[in-house]
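**Student:** Below are the chains, spelled out letter by letter.
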Amino acid sequence: MNIVVCVKQVPDTWSERTLRESDSTLDRDAADAVINELDEYAIEEGLRLAEAHGGEVTILSMGPDRATEAIRKALSMGADKAVHLVDDALAGSDLLGTSAALAAVLGQIGFDLVILGSESTDARTGALPAMLAERLGVPQLSYASKVEVDGSAISIHRLADYGYDTVEATLPAVVSVVEKINEPRYPTFKGIMAAKKKPVQTMSLADAGIDPATVGLANAASEVTGWAKRPPRQAGTIVTDEGDGGAKAAGFLAERKFI
Amino acid sequence: MIGFSLDDEHEALRRTVRDFARQAVTPVIGEFYQRGEFPYELVTEMGKLGLFGLPFPEEHGGMGGDFFAFCLALHELARVDSSVAITLEAGVALGAMPIYLFGTAEQRERWLPPLCRGERLAAFGLTEPGGGSDIPGGMRTTASLDDGSWVINGSKSFITNSGTAITSLVTALAITGRSDDRPEISAIIVPSGTPGLTVGPEYSKVGWCASDTRELSFSDCRVPAANLLGERGRGYAQFLRILDEGRVAIAALAAGLAQGCVDECVRYAGERSAFGHAIGHYQAIQFKIADMEARAATARLAWYDAAARLVAGEPVKKQAAIAKLTAGEAAMANARDATQVFGGYGYMNEFPVARFYRDAKVLEIGEGTSEVQRMLIARELGLGRPAR
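Going line by line, the protein sequences match chains A and B.
So in the numbering used here the end of the first sequence lands on 260, straight run, no missing numbers.
So in the numbering used here the end of the second sequence lands on 1020, straight run, no missing numbers.
Chain B on its own, in the form it takes in the complex (with noise of 0.2 Å):
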């Protein structure tokens, strides 16, 4: 049997993100969160801390690490914020990633070494209006090629990363031909600043707040044919292991916050009095703070089990998708928790836990909704296959 104990390098990572969380963004995230703004400060400090370099190799900039490592720092940031997570989840998982798994040396050499050092950020532009996790059903977006050029048209929804004053590129997937009557799809590279790649204002979000998400339109946009990223056709296949990976990153993303809730509430719990004591004197905070401890224990537990699995090469489609439902209700529920162990304060955008309440709904949504990984674990489990 194998214990989930950190080996020495793991564990002096999680411990420098853990004092840059607390040291760095702690006391500057909530402005950032109140005006919506995006801390560009902070994440050159990530970058300077190789955090956007963890799991590649040196020769393209990175920390030489693993996916392991990468999902160890998320964990660490989202105890304290999920925005400065999420901007670090996306730029590695799904901006970078895609660029390393499946460019050309040409392309690795020429985008990968500023988004490893966070100088840069990428974006990955799957969702659309009409749809996210349904694949190729509600994609709408084509390109197809004319006098050496893709030609792009449609839009993409929610795209993390797409609009910053760094952002370097976005990676579109579209619909770039049919074969057998179903739609092929490919993956195209779009610089950023490219003509008829027109980046819509940040939306007003429930939560994320200090994190860059837009919708994107795409109109008669044309880059180079050399900007295919990895093979025509390949575009859903590759995909689907960028999206088994994101599960995991986001699992550990949710898990750190459902462990941030609990790090505010056993604190709050000591300093708070009513009724002539601490209130973690009493057994309904107790009891409830336990259960937080419970679900954040086994959020992690989940996602390491996950994680552990990825770096090993080991099939990973059913436990990414656990760990992402289960890291993501637990996320939901201790911020609910924690919101009313803190009572009026807790509702009150200033306090942390305010922050995590708000920030918590988008882990049963994004990366594939709660019930799409039901979905997932299903199918894996065989079930839904049609009769014989």
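So that you can see chain A by itself, here it is in the shape it has in the complex (with noise of 0.2 Å):
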């Protein structure tokens, strides 16, 4: 089985975000770089089938020279090659963008199922997965908890607030996780030492066949027009049980539609 993740270098969530003064997007530089978490499961979901069921994992992330970061650790975790999708003109892409880059190189690599991380941390769209699955014209199997492969039919738990419904497709077809899927594998010595000789490919928008004018930040369908720092938190409101502090606090719950 020819298995494809897609991984994103995201900044980490527990050092300090902020997008840049002079065209609102990410500012990359400020803050650690890490696999996106989402990302990780999805690995470690490929790793799983790929040890299951035979065949190769390659791992497909689109991101500026840095990225390559990220696309090392994914495969000290294991996966066997990757391909790394830089060009200065993807800089910015929103999700038309995004979703057609990828696409074009997926149908330049080919696969059996591509597996992604149901959402980024930075972007926070979770719209990607089923925009990939639509440009390419296979079937998407959304939110995963669980995924069973068996010869050419697939099928996974699509987690629910009321549990899970079973979703069956035929390969090829693209698969989101979420968290309680697995626990992803920290990578061993071993793992990163192997990881220096497996080869990386990188592939330019010319490479791909991708247009220019479909991607980047100008062609974007989107805009940021505007943004501002989260407020600092607010002191807590305060209930003086007089009796009703618990109906006090369920009202307060009830409110903010908690409960």
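To be clear, the hints were calculated from the coordinates, so they are not data collected in a lab.
These numbers were taken from a predicted model, which means no experiment stands behind them.
Be careful, since some hints might not be right.
Pulled a few chain B residues facing chain A out of the computed Cβ check, cut under 10 Å [stated by the list, open to error]: (1) Phe652; (2) Ala656; (3) Arg772.
Calculated lysine-lysine pairs in the DSS-like style (CA-CA distance at most 27 Å, straight line) [stated by the list, open to error]: (4) A:Lys82 x A:Lys230; (5) A:Lys197 x A:Lys147; (6) A:Lys82 x A:Lys258; (7) A:Lys147 x A:Lys82; (8) B:Lys949 x B:Lys920; (9) A:Lys258 x A:Lys230; (10) A:Lys82 x A:Lys191; (11) B:Lys993 x B:Lys949; (12) A:Lys198 x B:Lys680; (13) B:Lys837 x A:Lys197; (14) A:Lys191 x B:Lys680; (15) A:Lys147 x A:Lys230; (16) A:Lys198 x A:Lys82; (17) B:Lys950 x A:Lys199; (18) A:Lys181 x A:Lys258; (19) A:Lys147 x B:Lys949; (20) B:Lys837 x B:Lys993; (21) B:Lys993 x B:Lys920; (22) A:Lys181 x B:Lys680; (23) A:Lys82 x B:Lys680.
Beta carbons are placed, not taken as given, at the ideal position from N, Cα and C, and that holds for glycine.
Dock chain one against chain two, each of which comes alone in its own frame, and use the hints as you go.
**Tutor:** What follows is the structure, given as structure tokens:
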């Protein structure tokens, strides 16, 4: 089975994240960069499927030069090879541009199964897996908490508020995973050393046959027109218990639709 | 001039162990520590991560890394907790390393793979009730050959990893004879469960409370003659090397604890306020934390230097002693200052800095006291030799 896992490098959620004043895009230099957390689950699931059914795991990442760090980590976890789509013209791409670019590369390298994390911790749209499946013309199985492959049949548990739905499709397909699906492995030192020797193919827009007019900040369909820092946290509301503390606390939660 | 920036692979390892320590160790270790319980699940995870096999070749089930990589892992673990770090330190540097360095092909094949995977732990029995660094003066344990077996009698103190449910062996140093009226010391592998080997109860320790430390006694304990590790009569010489390596490893662990104190204090100084400002606003706190950072950085450079020399095969005795002395004292000083920065909370066991405080003291004692390190450094400088 030819499995491709899409990996995005994002700023560490533990560090201070900011947008750039000049163009309202993410200031990637201001924060530590890590693999998007849900993508680690996607990598783990790809590795487990390959271990169980045979096949290769290819990491696909679109991002600046620095994304090689994320690619190396994915390879050190055990993936076989990687494709890095890197081109200055891609900077600032929105979902339409990103999905078009990734679909173009996937069309070239081929796949039986594409696995992604269900959303990224920076943009948090959660829409890329669906857009990618649409562009590739294959089924999408989203929010998977379990994946099973049998020949060319694939079925997942799609996580829902009420439990899960079982969703079935035929390969090739696109799957997005949630964190309930597995426990990602840590790379071993042996894996880290082995990752040095694994092939990483670098592709530009031209290599992937992507029209520059479909990607990048200038061609994005959406635009960040303004932004503000999150206001400092306000002091909490103190409820004095005069025999009705429980009701007041419940009212407070109900007002905010928590209960 | 050579700089001490890590290459990509060592940096990737450092980050991996840091992530593991934060994600897997931090949330649970306080409970184990309070209960004085050995964290088997964490040791299993550390084994899967390959930490116990770091400095050993792949043919023995190791990771094909080096001693520097192993020390980096200790440093990053000890930033969060010393109990798991000492379990790893002793398991590798004292447990598996003697088998790897001095074992026959058969001994390596039998014992090393499960040790490298962290499924089993090995212990090293050197210290006795009557003496530690004073070998052979304080050694009383004897082993004599009888009908194809070593018969061991004596006792060993403060032996890390010797009584866990996954301990597979202890390498015991024993007097096996006398030549030129000097005791002849040899190393003998004693598998766990051998009749005549009694494992004492877990000590009640000031710190390192989630690690396993016990007293062992040998009473007509018989093992096959083939369990001799290395050459007969070379036990002392062999283990000087083990002790030098162990000092570098403990220095890395101590530097990690010193850095962990800084990590905790920098965070806390920004969160805690007093008299209208975060306490980090006040120079009294800033200077204290600056001193701590300086000690941690110095300790790290000291073990980097010693470990780099060790990996390069250069003489390391003096640098190992300097690293152990510097890092051990940095750990103790930083733990003292960190609890001060935390005020009353620093005295509460549930706060990591309180754990660090309890764990730091032994770093001026174990693997040779600070006084022994000074003695070694002085000796390397040629001091104290008899006048001619």
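**Student:** Against each hint, give a clear statement of whether it holds in the structure.
**Tutor:** Comparing the hints with the structure gives:
no.	hint	verdict
1	Phe652	holds (5 Å)
2	Ala656	holds (9 Å)
3	Arg772	violated (40 Å)
4	A:Lys82 x A:Lys230	violated (39 Å)
5	A:Lys197 x A:Lys147	violated (31 Å)
6	A:Lys82 x A:Lys258	violated (47 Å)
7	A:Lys147 x A:Lys82	holds (24 Å)
8	B:Lys949 x B:Lys920	violated (32 Å)
9	A:Lys258 x A:Lys230	holds (25 Å)
10	A:Lys82 x A:Lys191	holds (16 Å)
11	B:Lys993 x B:Lys949	holds (23 Å)
12	A:Lys198 x B:Lys680	holds (22 Å)
13	B:Lys837 x A:Lys197	violated (44 Å)
14	A:Lys191 x B:Lys680	holds (12 Å)
15	A:Lys147 x A:Lys230	violated (38 Å)
16	A:Lys198 x A:Lys82	holds (10 Å)
17	B:Lys950 x A:Lys199	violated (41 Å)
18	A:Lys181 x A:Lys258	holds (25 Å)
19	A:Lys147 x B:Lys949	violated (55 Å)
20	B:Lys837 x B:Lys993	holds (11 Å)
21	B:Lys993 x B:Lys920	holds (19 Å)
22	A:Lys181 x B:Lys680	holds (21 Å)
23	A:Lys82 x B:Lys680	holds (23 Å)
Violated hints, listed in ascending order, are 3, 4, 5, 6, 8, 13, 15, 17, 19; each of the other numbered hints is respected by the structure.
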